[in-house]
Amino acid sequence: MTVKSTARARKKAAPGVPDNLHAGKDAPAELIQLLTPEGERVENPDYPLVIEADELRSLYRDLVLVRRFDAEATALQRQGELGLWASLLGQEAAQVGSGRAMRENDYAFPTYREHGVAWCRGVDPLNLLGMFRGVNHGGWDPNEKNFHLYTIVIGSQTLHATGYAMGITKDSAEDAVIAYFGDGASSQGDVNEAFTFASVYNAPVVFFCQNNQWAISEPTTNQTKIPLYRRASGFGFPGVRVDGNDVLACLAVTRWALDRARNGGGPVLIEAFTYRMGAHTTSDDPTRYRAAEETESWRAKDPISRLKAHLEREGLADEDFFAAIDAESETLGLRVREGVRSMPDPDPTLIFDHVYAEPHALVTEERAEYVAYAESFEGGE
Amino acid sequence: MSKLTMSKAINEGLRHCLETDPKTLIMGEDVGKLGGVFRVTDGLQKDFGEDRVIDTPLAESGIVGTAIGLALRGYRPIVEIQFDGFVYPAFDQIVTQLAKMHARALGHVKMPITIRIPYAGGIGAVEHHSESHEAYFAHTAGLRVVTPSNPDDAYWMLRQSVESDDPVIFLEPKARYWDKAEISAAPALDLHTAKVVRSGTDLTLLAYGPMVKVCLEVAAAAEEDGRHLEVVDLRSLSPVDFDTLEASVKRTGRAVVVHEAPVFMGMGAELAARLTERCFYHLEAPVLRVGGYHAPYPPSRVEEQYLPDLDRVLDAVDRALAY
Chain A
1 MTVKSTARAR
11 KKAAPGVPDN
21 LHAGKDAPAE
31 LIQLLTPEGE
41 RVENPDYPLV
51 IEADELRSLY
61 RDLVLVRRFD
71 AEATALQRQG
81 ELGLWASLLG
91 QEAAQVGSGR
101 AMRENDYAFP
111 TYREHGVAWC
121 RGVDPLNLLG
131 MFRGVNHGGW
141 DPNEKNFHLY
151 TIVIGSQTLH
161 ATGYAMGITK
171 DSAEDAVIAY
181 FGDGASSQGD
191 VNEAFTFASV
201 YNAPVVFFCQ
211 NNQWAISEPT
221 TNQTKIPLYR
231 RASGFGFPGV
241 RVDGNDVLAC
251 LAVTRWALDR
261 ARNGGGPVLI
271 EAFTYRMGAH
281 TTSDDPTRYR
291 AAEETESWRA
301 KDPISRLKAH
311 LEREGLADED
321 FFAAIDAESE
331 TLGLRVREGV
341 RSMPDPDPTL
351 IFDHVYAEPH
361 ALVTEERAEY
371 VAYAESFEGG
381 E
Chain B
382 MSKLTMSKAI
392 NEGLRHCLET
402 DPKTLIMGED
412 VGKLGGVFRV
422 TDGLQKDFGE
432 DRVIDTPLAE
442 SGIVGTAIGL
452 ALRGYRPIVE
462 IQFDGFVYPA
472 FDQIVTQLAK
482 MHARALGHVK
492 MPITIRIPYA
502 GGIGAVEHHS
512 ESHEAYFAHT
522 AGLRVVTPSN
532 PDDAYWMLRQ
542 SVESDDPVIF
552 LEPKARYWDK
562 AEISAAPALD
572 LHTAKVVRSG
582 TDLTLLAYGP
592 MVKVCLEVAA
602 AAEEDGRHLE
612 VVDLRSLSPV
622 DFDTLEASVK
632 RTGRAVVVHE
642 APVFMGMGAE
652 LAARLTERCF
662 YHLEAPVLRV
672 GGYHAPYPPS
682 RVEEQYLPDL
692 DRVLDAVDRA
702 LAY
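Residue numbers (this note's numbering), protein chains in the order written: chain A, 1 to 381; chain B, 382 to 704.
Some hints here could point you the wrong way.
Derived DEER-like restraints, expressed as beta-carbon distance ranges [to be verified]:
#1 A:THR364 with B:PRO438: 21 to 27 Å
#2 B:ALA676 with A:ALA361: 55 to 61 Å
#3 A:ASP141 with B:PRO438: 30 to 36 Å
#4 A:PHE377 with B:ARG396: 50 to 56 Å
#5 B:THR582 with A:SER376: 38 to 44 Å
#6 B:ARG396 with A:ARG341: 53 to 59 Å
#7 A:ARG299 with B:MET646: 51 to 57 Å
#8 A:GLU296 with B:ASP546: 48 to 54 Å
#9 B:GLU665 with A:SER376: 31 to 37 Å
#10 A:ASP259 with B:PRO438: 54 to 60 Å
#11 B:GLU604 with A:ALA361: 55 to 61 Å
#12 A:GLU366 with B:ARG700: 50 to 56 Å
#13 A:VAL371 with B:THR582: 36 to 42 Å
#14 B:ALA567 with A:ALA361: 18 to 24 Å
Which stretches of chain A does chain B cover? Using the computed rule of at least three CB atoms under 8 Å from a CB of chain B, they are [as the list claims (entries may be wrong)]:
#15 129–143
#16 166–177
#17 356–368
Worth flagging that the hints you see were computed from the coordinates, not collected in a lab.
Beta carbons are placed, not taken as given, at the ideal position from N, Cα and C, and that holds for glycine.
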């Protein structure tokens, strides 16, 4: 009797939340989608998108080239040229859609998997490979393309993004920031603190969570009892769940969120519902924790084939176009391959470079000790 | 400048930074209307506004993490952590993010962030309000760590820290907040130079922050027994000015390091090791250490037994002189 009434009370406390609405398996009804897996355009009055054929083709080009780059990097790891690679396979639409929604002065704070966003920001793909080859820890100038260094400790960068956005407000500028993170990072204290700061200071930051269903081996159900986008309401800003394999929906929703932030509307949480088709990294073995059928079911929602289907069905691209993109991706693959293979190891004194911006006596001393030690071998007995 | 308490001296230093550099910001818990729990930021929000002196949510990692973002945007944040024991939630942002950012970016971005932390004990506080965690920060490459022992140094070192393009952990000995002294018209030393605060010939006492005062009292007491102790105020814990320390210890032949932090793996261990290397043939005795025990900082009713005091330091001096 007691048990029954408790159950009833619990159901009452969560109106409108069907029991099957777990974050893990199936895309729920509130998913924003503008392009079906079959390549059919659907309208959503809240996120209208007028898009010309050349922009559609250019999105397709980005998706294909980013996937090609990613595949090349995976191959380079297998060949021993990279120590590790974190593949974005399956998440191209989430990254290209959101990345293309940004304006030049907007700023992106990535995790270590945002190769597609980097591409959209104009970062040379070879820059991304330095840390995976082990020649630096990032090393590019974040302010050159407004694309911050990759951040490996998950969630930390959401606070940097929020602080940067607070600075935009102080500068009375009309820029906005995207903080990328994943379903796993959503459990981190830093992400929740970032939500709090962003909300309280009405910071122009868009939290873009790629829910790729897996945090290495842990499913999203290990991170949350409710769909992740709903977390936003507790912090006082809107949350939207978008089909992360739909580049048009990602573009439209992110553009809306960035414009809203730019115009003083404050933060938005976008949950891009997608799937990590590959392993967490090249060191991971997903066969230990997830079923092949699950991965296969997501293959049918592939972000590239659906845009291709759309282009074909609407007669917006011909065979020559697809052939040209294929040729371009081969050129990119070759450039990346050669670029990585010819990437030199740094001089060991790099260890001491840039530890501090200004001279530090201990580093100066240890550097001199190292140099003297290394030189003792040259011309020695 | 007239005589100021250390807390007022830091307040004046902060005021100067806010006045002269529009990119400086103060961020922390209760730093605005209240003026900080020790009143170090008293009146600053009133004079510089809520945009410059920011009462943050109560989340230390968030404070440091957003300060990093503001620094990336070109700001120069001065962060207050309310008490020593509250810094650990921000430890990841400080050690993993802040300290490494300049190196990871190969120098493309700078992190001119000063993190002020009232630290150390002796004020009868509840737990987590009396800790000395300088070794954690000094151990981390990329951070500078300094601690003034008197109001004059507090004023000038704060200004120098804020002007630095590197992250600086600025440790304020809270037991000395109410000590008064004259503030010089110009800084006598740069941020990372140690200072011989009392000359002597028989033994060098090495101290910093709250223990400098104790060591000066020890030297005065020893003088009555005809022992001439030199006292060196380290001022900077990363980097350490080993040249000044070495010169002193070579003169006296003996050294005792005094700090509140636990002795094991504390600053004293590093100082003893380095001074032994540098001064081996000049040493008449091993470098001895006086400090806290390998125990959580104790309840305040027994903190006097935990903290190095005149008698414990004198005891170590006796042992060093007995060699």
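Results for each hint:
no.: 1; hint: A:THR364 with B:PRO438: 21 to 27 Å; verdict: 40 Å, violated
no.: 2; hint: B:ALA676 with A:ALA361: 55 to 61 Å; verdict: 33 Å, violated
no.: 3; hint: A:ASP141 with B:PRO438: 30 to 36 Å; verdict: 31 Å, holds
no.: 4; hint: A:PHE377 with B:ARG396: 50 to 56 Å; verdict: 55 Å, holds
no.: 5; hint: B:THR582 with A:SER376: 38 to 44 Å; verdict: 39 Å, holds
no.: 6; hint: B:ARG396 with A:ARG341: 53 to 59 Å; verdict: 57 Å, holds
no.: 7; hint: A:ARG299 with B:MET646: 51 to 57 Å; verdict: 54 Å, holds
no.: 8; hint: A:GLU296 with B:ASP546: 48 to 54 Å; verdict: 53 Å, holds
no.: 9; hint: B:GLU665 with A:SER376: 31 to 37 Å; verdict: 33 Å, holds
no.: 10; hint: A:ASP259 with B:PRO438: 54 to 60 Å; verdict: 26 Å, violated
no.: 11; hint: B:GLU604 with A:ALA361: 55 to 61 Å; verdict: 32 Å, violated
no.: 12; hint: A:GLU366 with B:ARG700: 50 to 56 Å; verdict: 33 Å, violated
no.: 13; hint: A:VAL371 with B:THR582: 36 to 42 Å; verdict: 38 Å, holds
no.: 14; hint: B:ALA567 with A:ALA361: 18 to 24 Å; verdict: 23 Å, holds
no.: 15; hint: 129–143; verdict: holds (count 8)
no.: 16; hint: 166–177; verdict: holds (count 5)
no.: 17; hint: 356–368; verdict: holds (count 7)
Taken one by one, the earlier hints fail for this structure at numbers 1, 2, 10, 11 and 12, listed in ascending order.
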